[in-house]
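Visitor: Protein sequences appear in the order of chains A and B. Position one of the first sequence corresponds to residue 232 (my numbering), numbered consecutively onward. Position one of the second sequence corresponds to residue 18 (my numbering), numbered consecutively onward.
A hint or two may mislead.
Ranges between beta-carbon positions, derived for each pair [what the hints assert, rightly or not]:
#1 Asp20/B with Thr307/A: 24 to 32 Å
#2 Lys84/B with Thr345/A: 25 to 33 Å
#3 Asp33/B with Asp302/A: 45 to 53 Å
#4 Thr307/A with Leu25/B: 26 to 34 Å
#5 Ser297/A with Glu22/B: 27 to 35 Å
Derived by calculation from the structure, the hints in this document are not laboratory data. These figures come from a predicted structure and were not determined experimentally. Even glycine gets a Cβ: it sits at the ideal position worked out from N, Cα and C.
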Amino acid sequence: DARVTQTPRHKVTEMGQEVTMRCQPILGHNTVFWYRQTMMQGLELLAYFRNRAPLDDSGMPKDRFSAEMPDATLATLKIQPSEPRDSAVYFCASGILAGGPYNEQFFGPGTRLTVL
Amino acid sequence: GEDVEQSLFLSVREGDSSVINCTYTDSSSTYLYWYKQEPGAGLQLLTYIFSNMDMKQDQRLTVLLNKKDKHLSLRIADTQTGDSAIYFCAGESGGYNKLIFGAGTRLAVHP
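Could you build all of it, start to finish, from the sequences and the hints given here?
Guide: Okay, structure coming up:
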């Protein structure tokens, strides 16, 4: 049963600390998305990659957030330094984009981040 | 870019039909999608419709698309307690690469 995995599932940290969230996309998927979900803002796209190359990170605060794909089986989202306003659920999703329009994304279970 | 709007809450009685509505702005979306999010979980694709279709039916789900008004709806027949979830409408932006999600409609099903 192929699925997207995310670690950790929950993270509580103090303001100023570095946070790293990890995602393992479904094997064979060539696109990875990072989203943030809050009650106030809903679901926001932070960044996405195709074939490990960043395509768009315009939704991400550049001064403290960074996203990378060191290899095809791992995507990371880092926040340094973290702030209380970063508290949210962070979702990773993967999919196959083959140049056509169909765009199903498979979501992981999310990382619930609380910054005190 | 795409903007997607939907109502935030819907409460229905078990066995009744639920209709969740969505409006979008970008008429170039080739597909429009409905995702479901159950408590504590990620989103899961529920159904989708190709933009040249007016209606798509899949078991208890019916999707209606009004391209002129840029209006999309999801009808769930014989709504069950297991249908209680948040439903997200999504359209495409940026040449198929990105999905833009609405705020989500929280469906509550009561006996």
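Visitor: For the hint 25 to 33 Å, verify it against the beta carbon of lysine 84/B and that of threonine 345/A.
Guide: Because 43 Å falls outside the window, the suggested range is violated.
Visitor: Is the distance from the Cβ of serine 297/A to the Cβ of glutamate 22/B consistent with 27 to 35 Å?
Guide: 31 Å, holds
Visitor: Within 26 to 34 Å or not, the Cβ separation of threonine 307/A and leucine 25/B?
Guide: Holds - the Cβ-Cβ distance for threonine 307/A and leucine 25/B, about 33 Å, lies within 26 to 34 Å.
Visitor: How does the Cβ-Cβ distance of aspartate 33/B and aspartate 302/A compare with 45 to 53 Å: does it lie in that range?
Guide: 49 Å, holds
Visitor: Is the gap between the beta carbons of aspartate 20/B and threonine 307/A within 24 to 32 Å?
Guide: At 30 Å between Cβs, range holds.
Violated hints amount to a single one, hint 2; each of the other numbered hints is respected by the structure.
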